[in-house]
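Student: This is what each chain is made of:
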Amino acid sequence: MNTDTHATHADDHHHEGGHAHGSFSTYMLGFVLSVVLTAIPFWLVMSGALPSKQITALVIMAFAVVQIVVHMIYFLHMNTTSENGWSMMALIFTIVMVVIALSGSLWVMSHLNSNMMPMHQMSGMK
Amino acid sequence: MTVAVNPSQTGEPVFYLAEEHPHPEGWSTSLGFWIYLMSDCLIFAILFATFGVLGGNYAAGPAPKDLFDLNLVAVNTSMLLLSSITYGFAMLTMQQNKVAQTQVWLAITGLFGLAFIGIELTEFAHMIHEGATPQRSAFLSAFFTLVGTHGLHVSCGLIWLVTLMVQVQKFGLIEANRRRLMCLSMFWHFLDVVWIGVFTFVYLLGVLR
Chain A
127 MNTDTHATHA DDHHHEGGHA HGSFSTYMLG FVLSVVLTAI PFWLVMSGAL PSKQITALVI
187 MAFAVVQIVV HMIYFLHMNT TSENGWSMMA LIFTIVMVVI ALSGSLWVMS HLNSNMMPMH
247 QMSGMK
Chain B
13 MTVAVNPSQT GEPVFYLAEE HPHPEGWSTS LGFWIYLMSD CLIFAILFAT FGVLGGNYAA
73 GPAPKDLFDL NLVAVNTSML LLSSITYGFA MLTMQQNKVA QTQVWLAITG LFGLAFIGIE
133 LTEFAHMIHE GATPQRSAFL SAFFTLVGTH GLHVSCGLIW LVTLMVQVQK FGLIEANRRR
193 LMCLSMFWHF LDVVWIGVFT FVYLLGVLR
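Going down the list, the sequences are from chains A and B. Note that this note's numbering has the first sequence beginning at 127, numbered continuously upward. Note that this note's numbering has the second sequence beginning at 13, numbered continuously upward.
The set of hints was computed from the structure by calculation and includes no laboratory data. All C-beta atoms in this analysis are idealised placements derived from N, C-alpha and C, irrespective of residue type, glycine included. Some hints could be false.
Reference listing, derived: stretches of chain B covered by chain A, where coverage requires no fewer than 3 residues with Cβ under 8 Å from a Cβ of chain A [as the list claims (entries may be wrong)]:
no., segment
1, 60-71
2, 95-105
3, 206-219
Quick list of simulated restraints, FRET-style, between CB atoms [said to hold, decoys possible]:
no., chain 1, residue 1, chain 2, residue 2, range
4, A, Ala165, B, Asn109, 34 to 42 Å
5, A, Gln180, B, Phe183, 50 to 58 Å
6, A, Leu238, B, Asn109, 53 to 61 Å
7, A, Met187, B, Gln113, 34 to 42 Å
8, A, Gly230, B, Gln113, 44 to 52 Å
9, A, Ala175, B, Gln181, 44 to 52 Å
10, A, Asn239, B, Trp39, 43 to 51 Å
11, B, Asp78, A, Asn205, 41 to 49 Å
Start from the sequences and build out the full structure, keeping to the hints where you can.
Tutor: Dropping the structure here:
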């Protein structure tokens, strides 16, 4: 730390890249949003307000995605600058992995399922 | 110690630091903990994928409609949501250096977490009593593995919370304890994010099916 370049370099690392903190208002805003985003899907399913099950399923999944983003921003304080952007990079990588694992498993297994010979045909083959 | 080639003399770029400058203790903890959480996220992703594949295989056993009580799940979800905001208040009071208030908020968070685990275990006991054990069908195996893993995480979070309350009581809000409380805050809010997936995909979509 005896030269100017060293000092500024150390500064880059330790102050800009710190972990972000919330305030009372952001926590409360996040809480109110998450209560609303939880209550609506529960109400939709319990009351059967929407005419078709498929529409209800799509709507509650959309609510879940929005609520996850709300929690990420207001409770986990995710932003593009914390840890010099590395936490965002790790998050993006994880999201890519999760999407591949989930969609891949569901897609492949549903195809396997529909290509399986039905049980009653299999017993007739003996 | 390390002899670096001076770039100005040879004209070749140097891609490493000849001498690592000193870092204060714990400067990389939050990033490292975040990467741990992301790897934990992958565990849950695989358990969700397993549940997604096996969730419809009832083996002529009970279906989600027969088992799940959405009122109870709603109460459980509110417990976890409330514990999230009270942990947020604990972090805010920690930043203001108020030891006693921080402890109170941490204790309230712990009680909400305990209520969550209590309700979940009651639900599990009720299901097992009705014969809906993990061995009954692929759906129930996947259900107990996914929801049980989440519950186990919350239980570990509770043990961690009590440990940190003792630490804060003994040593106060020193730098190390602040860092630990911040890590637990990330862990706690992360478990809340996972629970959003659980109540949507397991309970709500299960009842809808």
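Student: Look at each hint and say if it fits the structure.
Tutor: Here is what the structure says about each hint:
no. : hint                            : verdict
1   : 60-71                           : holds (count 5)
2   : 95-105                          : holds (count 6)
3   : 206-219                         : holds (count 8)
4   : Ala165/A / Asn109/B: 34 to 42 Å : 36 Å, holds
5   : Gln180/A / Phe183/B: 50 to 58 Å : 55 Å, holds
6   : Leu238/A / Asn109/B: 53 to 61 Å : 58 Å, holds
7   : Met187/A / Gln113/B: 34 to 42 Å : 39 Å, holds
8   : Gly230/A / Gln113/B: 44 to 52 Å : 48 Å, holds
9   : Ala175/A / Gln181/B: 44 to 52 Å : 49 Å, holds
10  : Asn239/A / Trp39/B: 43 to 51 Å  : 50 Å, holds
11  : Asp78/B / Asn205/A: 41 to 49 Å  : 44 Å, holds
Violation of the numbered hints given earlier is absent; every hint is satisfied by the structure.
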